[in-house]
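Undergrad: In case it helps, the working numbering puts the sequence shown at residues 45 to 179.
These are calculated hints, taken from the structure and not from any lab test. Treat each hint with caution, since some may be false.
[As the list claims (entries may be wrong)] Derived DEER-like restraints, expressed as beta-carbon distance ranges:
(1) 156 to 65: 18 to 24 Å
(2) 50 to 150: 35 to 41 Å
(3) 84 to 172: 32 to 38 Å
(4) 108 to 149: 20 to 26 Å
(5) 172 to 90: 34 to 40 Å
All C-beta atoms, glycine included, are put in the ideal place defined by N, C-alpha and C.
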Amino acid sequence: MNGRRPLGIKLLVAFFAFGTLMCALTIVLLSFPGTALDVLWRANPEAQTAFAAMGGWAILLMLVVGTACACSAIGLAREAAWGRRLAIGVLAINLLGDLIGAIVRRDPRTLIGLPIGGAMIAYLLLVRRTATQAN
Numbered sequence: 045m046n047g048r049r050p051l052g053i054k055l056l057v058a059f060f061a062f063g064t065l066m067c068a069l070t071i072v073l074l075s076f077p078g079t080a081l082d083v084l085w086r087a088n089p090e091a092q093t094a095f096a097a098m099g100g101w102a103i104l105l106m107l108v109v110g111t112a113c114a115c116s117a118i119g120l121a122r123e124a125a126w127g128r129r130l131a132i133g134v135l136a137i138n139l140l141g142d143l144i145g146a147i148v149r150r151d152p153r154t155l156i157g158l159p160i161g162g163a164m165i166a167y168l169l170l171v172r173r174t175a176t177q178a179n
């Protein structure tokens, strides 16, 4: 990509790094319930309820998601093709989750993620094509 990382890629690296940090925070909150940290669940009490219902699987899920986000951030920062593919995969799985969540829970608010995630995927596909054409 001619040595200069596009702003969109920098923003996606930050997005996936933030996702990694949020997964790590969730793991800490789930690992130490009933502490002063529980005040952080006020931002999303429904998530606390859902994760509590999952038991120990919630920590494993957050570990997998956090690892995928960290690897996506690293791959995108290195401008590696595998990083772009992984990021697209993570975003696609998230889109599917949003769609299923909207249908199963009958909560149309989750649909807001569809155009956002779709735009991110489209951007990653466009950047790939542009980089390929430049070489």
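Undergrad: Run the structure past the numbered hints and jot down the numbers of the failing ones, going up.
TA: none
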